[in-house]
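As given, the protein sequences belong to chains A and B, one line each in that order.
Numbering-wise, the first sequence is residues 2 to 629 according to the numbering used here.
Numbering-wise, the second sequence is residues 25 to 366 according to the numbering used here.
Worth double-checking, as some hints may not be accurate.
As the list claims (entries may be wrong) - Label-pair distances were calculated between CB atoms; the ranges are:
1. B:Ala188 <-> A:Asn219: 50 to 60 Å
2. A:Gly381 <-> B:Lys278: 23 to 33 Å
3. A:Leu597 <-> B:Cys48: 49 to 59 Å
4. A:Glu450 <-> B:Pro329: 37 to 47 Å
FYI, nobody ran anything at the bench for these hints, they're computed from the structure.
The structure presented is a predicted model; accordingly, all values stated were derived computationally and were not measured.
C-beta atoms are modelled at their ideal positions from N, C-alpha and C, and glycine is treated no differently.
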Amino acid sequence: MASAAEQDLASSKVTGAASPSEAVVVRFAGDSGDGMQLTGGQFTLSTALTGNDLATFPDFPAEIRAPQGTLFGVSAFQINFGSDEITTAGDAPDILVAMNPAALKSNVENLRIGGLIIADTGEFNDRNLAKAKYDRNPLEDDSLSRWQLVPINISQLTMEAVKPFGLGNKEALRCKNMWTLGLALWMFDRDRQPLIDWLKAKFAKAPTLADANIAALNAGHAYGETVELAAPLKQHALAPAEVAPGLYRTVTGAEAIAYGLVAGAQFADLPMFFGGYPITPASAILHYLSPLKEFGVTTFQAEDEIAAVASAIGASYAGQLGVTSSSGPGIALKTEAIGLAIMTELPLVIVNSQRGGPSTGLPTKTEQSDLYQAVYGRNGDAPLPVIAARAPGDAFECAIEACRIATQYMTPVMLLTDGYIANAAEPWKIPDLSSFDRFPVQFMEKAPESGFMAYARDNKLARPWVKPGTKGLMHRIGGIEKQQGTGNIDYNPANHQAMTDIRRDKVAGIKVPDQIVDQGEAGDALVIVGWGSTYGPIKQAVKRARAAGEKVAHVHLRHIWPMPANLGDLLRSFGAILVPEMNTGQLKTVLRDQFLVDARPLNKVSGQPFTIAEIAAAIDAALSGQKG
Amino acid sequence: MNDMTPPQKSSPKDWESDQEVRWCPGCGDYAILKAVQRTMPEIGATPENTVFVSGIGCSSRFPYYMETYGFHTIHGRAPAIATGVKLANPELDVWIITGDGDALSIGGNHTFHILRRNLNCQILLFNNEIYGLTKGQYSPTSAVGTRTPSTPYGSVDRPAQACAFALGAGARFVARAFDVSKELPATLAAAHRHQGAAFIEIFQNCIVYNADVFAGFTEKANAHQQLWLKNGEPMLFGSEKSGGVKGIALDAEKLTLQVVDVPDGDWQKAGVIVHDVTNRSIAHMLVEMRFGEFPMALGILYDDPRPTFDAQVAEQMTSASAGKTPDLQKLLAKGQTWTVAA
């Protein structure tokens, strides 16, 4: 029990090898009159104050006041900061703040693929577009699709924020840089106070200007908080040698899940019904699916989380593939209805984009703390299969797998992702859809010779799926315990025992692929067992340890429930088992329970993903413990 | 298409399932079940195309007793489940069975939204002003002062008025009836004819926990307290035997309704209003009439259809899909892509 506390890295400072890939590079770019150097400088100050190592790179035009809005008038400031040692200002920025079209044009090509663009839409007018030599507004076509675009009318929001101070238009707009800075401070959890103090000192003789600038700063910060804008978390880039040939694009986890669900519905030969309710960070899935009507996708923004799942269950009952999506708090609300889907044995896919909890918790931060909720979190003995995506691209296949299991086994399926996977963009090799196995659904349309029974079982223990509208097969289902076979209400004790066993056995019997070892091999001295978005840092840390000659393996679970049949034997083959998780040890508990193995936890619940150094340090500690 | 045999009309018996009906003897639910089973053949419904969706409560056992498709769901959520059913297959004839606790307490939100959206379905709210299945607690429609195990000194909160709630939520069809009324099948049929969410409050006698709470107008001796509304006809109630025919007139000064005497049957002279089911203002007044001071307004209070949610969703699906080929492989490669050479 002490080990969990000892290895809790959330609050401890970890020193490891330099790892520039874990740093974040932000580039502020605007007109030379926009105060970009000031913005960058102040961001640097607050970053330094939080203890981050950093390097900066001011990049401004030679002209003191170049013509406004022109390409040669662009001024930029780049900062590279992170928890590890920083040695350069970073090559490719992860975030570009573009205050006008010219700033976008002259900086966007350097932004890493999948990076975030924050653009002030207020400055993207015809005049500025022409000055920047844009024929069309790049915010309104596909030309920025390699990156993630967050268009915000910073000019207007700033004007609103400073309105009470009665500044002239020009003076008011000068506060834009402070608004932008406020937003950046929110995204990276930086303290505003040093800036407020600095502004007060700088404008000591003009307190109105100080107040206006502080108001703009606070407004930008509040905006980030209100719209729950999260900083994109850096994916650990693959080394070039590992990139397979093919056609690539960038994809976020939310996009990949949306497309995977569409693919899964197609493979099942079903129209899809998606019931959703807005919640951070899950809403993006609803947004991606809503335009896809020609694919037979009906999206329904319900009145609440309960109606979202309930409508999806209704649609499944009527013969479509019902899907719902949310984050932890919304999943909690859906739980009773998920129990109904388990009882009535209807297909349903539930996507949980996990975030920091409990309660509202940290909506924009990432966590893996809903594993218990997924596996155990319902009233009654209510088993359902659980799948976890490890990365944005992987989420595509996981969504298809969820559709397969739901329709083939007549069961709700929980697909776990998290804020990190949902928001992060990564290069993705576009899959060849013809390479996937189809799993077309066969509705029952005629009573079998032996007579129709709503709860008859096939060899997978699945019951028949009958669409209302089918002649002669009218039947009633509901949440009350069913009689075996007929599905009529039955309170008989022996029947409840038998039905409970069937529900358990059906889920336990779901065929999932055997667990593979990602790196290393069975029998190694140590295995790192991960699930979900810890994949990147675990992979890199294990790779380093192996390069240093250590016998360390990496096993990453996709199927959380039921677990692969070979997993117990596989785990027992290793000298030690370490389970890094962004929770207090949930998978560790399930592994111990299922296999009676000595799985040790490595926990971090700070809303931040693991760094490679943290996992590398834990590997070293575990190995030296063995040697010692 | 070659099948020219006219569909044979079903009989009420065809709509009875093989399940034993398990309500308390004397429960008003029996009469409602019979009325629904009698109505189905009349409206030309077919069992395989009919779906009954219910929540939780005594009334929500209803689907088990109908030889149709049926879904007994969870407390308060029947409208949400029904919305998914109807959007997935608009051809289905969807009936929602709910109660005062199910629809107005735990499921109030969903009741509001299904009416606002105007899903094409029938919503039958069995109002017995009590929680029956959980053994007699007061409900959101119980009168102030109702003594129950959870309110031993009498309830203090004001009751919700189901029809006023429905109308306020934007319902385009609002009707009232009671369990043993002969008019119930005709009211159900009218609800079924209405394209859109048709809301019917059915007063239902809970013989065990709230017996005779509606006797003031449902008893034969109190029939003069029933105002049966008929489109195009004057709002008259009572009889010479019960102390004179009366009518509902508008007090133009106060902009309220009032009860007026109708001597010699001259209702025009008495200023009695002719019922117009599409008059929303009068409908608001009718649902607000306090029983006692006024008779109980029954029948079709309001009926003025407008486009349904399911039809509009389907229309948008069609128009947005027009001219587009659903090529997922192509969609995946949309936007900027690049090729990594072998």
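Now the hints, each set against the structure:
no.	hint	result
1	B:Ala188 <-> A:Asn219: 50 to 60 Å	45 Å, violated
2	A:Gly381 <-> B:Lys278: 23 to 33 Å	57 Å, violated
3	A:Leu597 <-> B:Cys48: 49 to 59 Å	52 Å, holds
4	A:Glu450 <-> B:Pro329: 37 to 47 Å	46 Å, holds
In the structure shown, a violation is registered for the earlier hints numbered 1 and 2, in ascending order.
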